[in-house]
Amino acid sequence: MSETGDNTGVNSEFPYLKEGDEVIAVQRGPEPGGAAGAWRAVFETMRGLKTTMARLIEGPVTAVQYPEEKMPVYPRFRGRHKLHRFEDTGLEKCVGCSLCAAACPADCIRVVAAENDPENRVSAGERYAATYEINLSRCIFCGYCEVACPFDAITMGHEYEMADYNRGDLIFTKPMLLADSIEKTPLRREGE
Amino acid sequence: MSLIEALMPNLPFAQVGFVEATWIMIVKSILIFLVVFSLVPMILIGERKLLGRFQGRYGPNRVGPYGLMQPLADVIKLITKEVFRPKGAVPFLYLIGPALVVLSAILTLSLVPFGPVIGDTVGLYGIDVSIGILLVFAFGSFAFYGLLIGGWASGSKYSFLGAMRAAAQLISYEIALGLSLMGTVLLAGSLSLTEIVEAQDKMWFIVPQIVAFVIFLISAFAETNRPPFDLTEADAELVQGYMTEYGGMRFGTFMLAEYMELFVISALGVTFFFGGWLGPGPDWLGPLWMLLKTGLFVCLFIWARATLPRPRYDQLMSLGWKVLIPLATLNVLVTATLVVVL
Chain A
1 MSETGDNTGV
11 NSEFPYLKEG
21 DEVIAVQRGP
31 EPGGAAGAWR
41 AVFETMRGLK
51 TTMARLIEGP
61 VTAVQYPEEK
71 MPVYPRFRGR
81 HKLHRFEDTG
91 LEKCVGCSLC
101 AAACPADCIR
111 VVAAENDPEN
121 RVSAGERYAA
131 TYEINLSRCI
141 FCGYCEVACP
151 FDAITMGHEY
161 EMADYNRGDL
171 IFTKPMLLAD
181 SIEKTPLRRE
191 GE
Chain B
1 MSLIEALMPN
11 LPFAQVGFVE
21 ATWIMIVKSI
31 LIFLVVFSLV
41 PMILIGERKL
51 LGRFQGRYGP
61 NRVGPYGLMQ
71 PLADVIKLIT
81 KEVFRPKGAV
91 PFLYLIGPAL
101 VVLSAILTLS
111 LVPFGPVIGD
121 TVGLYGIDVS
131 IGILLVFAFG
141 SFAFYGLLIG
151 GWASGSKYSF
161 LGAMRAAAQL
171 ISYEIALGLS
181 LMGTVLLAGS
191 LSLTEIVEAQ
201 DKMWFIVPQI
211 VAFVIFLISA
221 FAETNRPPFD
231 LTEADAELVQ
241 GYMTEYGGMR
251 FGTFMLAEYM
261 ELFVISALGV
271 TFFFGGWLGP
281 GPDWLGPLWM
291 LLKTGLFVCL
301 FIWARATLPR
311 PRYDQLMSLG
321 WKVLIPLATL
331 NVLVTATLVV
341 VL
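If you read the sequences in order, they're chains A and B. When we follow the numbering used here, the leftmost residue of the first sequence carries the number 1, and every step to the right adds one. When we follow the numbering used here, the leftmost residue of the second sequence carries the number 1, and every step to the right adds one.
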């Protein structure tokens with residue numbers, strides 16, 4: 001009576017089984033009590049002690065020394081948002097279309113658009129985002145804003161350390177989203 | 001001692017093996033108290049470090065080098081916390097609960113021998129009483145009053161349940177503990193702790209009394225409320241039992257008492273089964289040997305804590321009454337017979 005399928009020969013033991021029934025052997029522990037039970041209790045205790053002693057000799061394996069050592073993230077990890085500029089001209093990619101705000105299920109993005117001054121352009125398009133705020137205390141990091149954006153102006157970054165003391169400090173404004181993060185989150189390499 | 005006898009001449013005092021000058025006794029008691037008092041934080045950090053290593057973690061390593069200042073940080077935190085008393089608590093009893101527990105641990109400490117008499121002037125122990133073991137049990141049972149009063153006076157059902165469990169558990173295991181030590185008493189022919197140690201000059205009592213040692217060990221877990229027999233605390237079901245309603249340094253006092261008791265019971269185990277201060281080297285090395293052996297014993301407690309799950313309450317009781325007490329009785333009978341025959 002190993003795993004499944006063949007159950008010929010077990011019918012005398014289990015009369016309710018029909019030919020072709022799938023049989024799953026359920027392991028049951030031996031009955032407690034008695035001399036055998038006492039021996040098992042002692043033996044299992046010793047085995048447990050051996051296990052923990054092996055961990056002691058092996059040394060710590062699981063812990064990541066967090067503030068010094070950070071968990072690396074996958075390339076597609078959805079962390080804090082970033083706004084982008086064109087690398088050649090330095091103009092903002094965002095044109096203030098508010099599609100991200102429309103796509104946001106948590107309703108945490110606020111965009112106020114304004115016309116570009118041709119002399120002193122902020123973005124590459126006709127309009128630009130005069131105000132761009134993301135309330136990170138509401139954001140669910142679903143990445144829909146990234147998908148909705150027609151100009152790849154907003155992407156999800158890798159940063160995940162966003163704890164703060166005030167809720168107000170969690171509303172990220174445009175300059176904060178445009179700036180490079182101070183610390184780079186380690187990336188997981190291929191195959192890691 | 002002579003002063004007390006002079007003041008109260010007709011009281012029946014226990015015989016004392018060796019008496020020093022009063023000032024030596026005072027200095028000695030302060031010294032022993034301070035040493036053990038400062039050992040408690042070491043046991044604390046050692047336990048947390050070792051527990052971590054046993055579970056594949058690092059343990060505390062943030063405060064100070066290797067996290068060694070962690071107990072200090074804990075104590076500062078506990079001291080600066082608000083002192084409060086629950087509305088339903090009985091004021092006076094609620095206050096003396098922790099005090100009684102810590103008092104019992106310190107009283108037992110006075111009987112633990114750390115070494116022999118050095119140069120006919122100073123005995124390296126608190127006091128050497130001819131009925132040492134009886135006093136150990138008397139003072140040890142004292143702790144249970146602290147737990148019971150503290151738990152009952154808190155006016156909380158969890159505390160009450162924890163206190164009741166503590167009472168039942170301590171009473172049950174006290175018997176097994178006492179009977180397990182009777183074998184060593186029979187072999188040594190004395191109730192005095194120093195004489196029991198000296199009787200182990202040729203062979204430690206762990207060899208002839210291995211059964212008694214196992215019983216002592218199991219009962220010691222129950223007596224000190226240490227995991228796996230921490231049913232009085234049982235964080236999962238009773239939220240720390242009798243300690244639930246205590247906070248700040250009162251909670252800290254309970255913890256202090258717990259670790260002191262751990263030290264005391266380890267020291268007693270070493271005294272009764274591992275030859276106490278006996279070891280190679282001159283006499284004055286005795287306290288070092290004692291502390292070393294006790295430290296190893298404490299590590300054993302921590303090892304068991306990291307490994308074993310807590311049994312059910314009825315399992316604990318049936319182990320105590322149905323297994324340990326008969327076994328301990330049998331052990332005493334066999335030992336007595338052998339001592340008479342051989």
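Just so you know, these hints were derived from the structure itself, not from any lab. Among the hints, a few may not be true.
Stated by the list, open to error - Just a few of them, taken from the derived set where beta-carbon distance is under 10 Å, the chain A residues facing chain B:
#1 ALA36
#2 THR45
#3 GLY48
#4 THR52
#5 LEU56
#6 GLY59
#7 ALA63
#8 ARG85
#9 GLU87
#10 GLY90
#11 LEU91
#12 ASN116
#13 ASN120
#14 VAL122
Stated by the list, open to error - Below 25 Å or equal to it, Euclidean Cα-Cα: the simulated BS3-like pairs (lysine-lysine) are:
#15 A:LYS70 with B:LYS49
#16 A:LYS93 with A:LYS174
#17 B:LYS87 with B:LYS28
#18 A:LYS93 with A:LYS82
#19 A:LYS93 with A:LYS18
#20 B:LYS49 with A:LYS50
Every value quoted in this text rests on a predicted model; they were computed, and no experiment measured them. Yeah, the Cβ is synthetic: ideal placement off N, Cα and C, and Gly gets one too.
Consistency of the hints with the structure:
1. ALA36: 15 Å, violated
2. THR45: Because about 7 Å separates A:THR45 from the closest Cβ in chain B, which is inside the 10 Å limit, the hint holds.
3. GLY48: With Cβ-Cβ at 4 Å, under 10 Å, it holds.
4. THR52: Because about 4 Å separates A:THR52 from the closest Cβ in chain B, which is inside the 10 Å limit, the hint holds.
5. LEU56: OK, holds: A:LEU56 within 10 Å of chain B, min 5 Å.
6. GLY59: Since the shortest Cβ distance to chain B is 7 Å, the answer is holds.
7. ALA63: 5 Å, holds
8. ARG85: 40 Å, violated
9. GLU87: Since chain B brings no Cβ nearer than about 42 Å to A:GLU87, farther than 10 Å, the hint is violated.
10. GLY90: Violated. Min distance 43 Å.
11. LEU91: 46 Å, violated
12. ASN116: Constraint on A:ASN116 not satisfied, violated at 51 Å.
13. ASN120: 51 Å, violated
14. VAL122: Cβ of A:VAL122 sits 46 Å from chain B, so the hint is violated.
15. A:LYS70 with B:LYS49: 22 Å, holds
16. A:LYS93 with A:LYS174: Holds, at roughly 12 Å.
17. B:LYS87 with B:LYS28: Roughly 42 Å separates the two Cα atoms, so the pair is violated.
18. A:LYS93 with A:LYS82: Since the Cα atoms of A:LYS93 and A:LYS82 sit roughly 11 Å apart, the hinted pair holds (cutoff 25 Å).
19. A:LYS93 with A:LYS18: 70 Å, violated
20. B:LYS49 with A:LYS50: Within the cut-off at roughly 18 Å; holds.
Going down the numbered hints, you'll see the structure goes against 1, 8, 9, 10, 11, 12, 13, 14, 17, 19, while the others check out.
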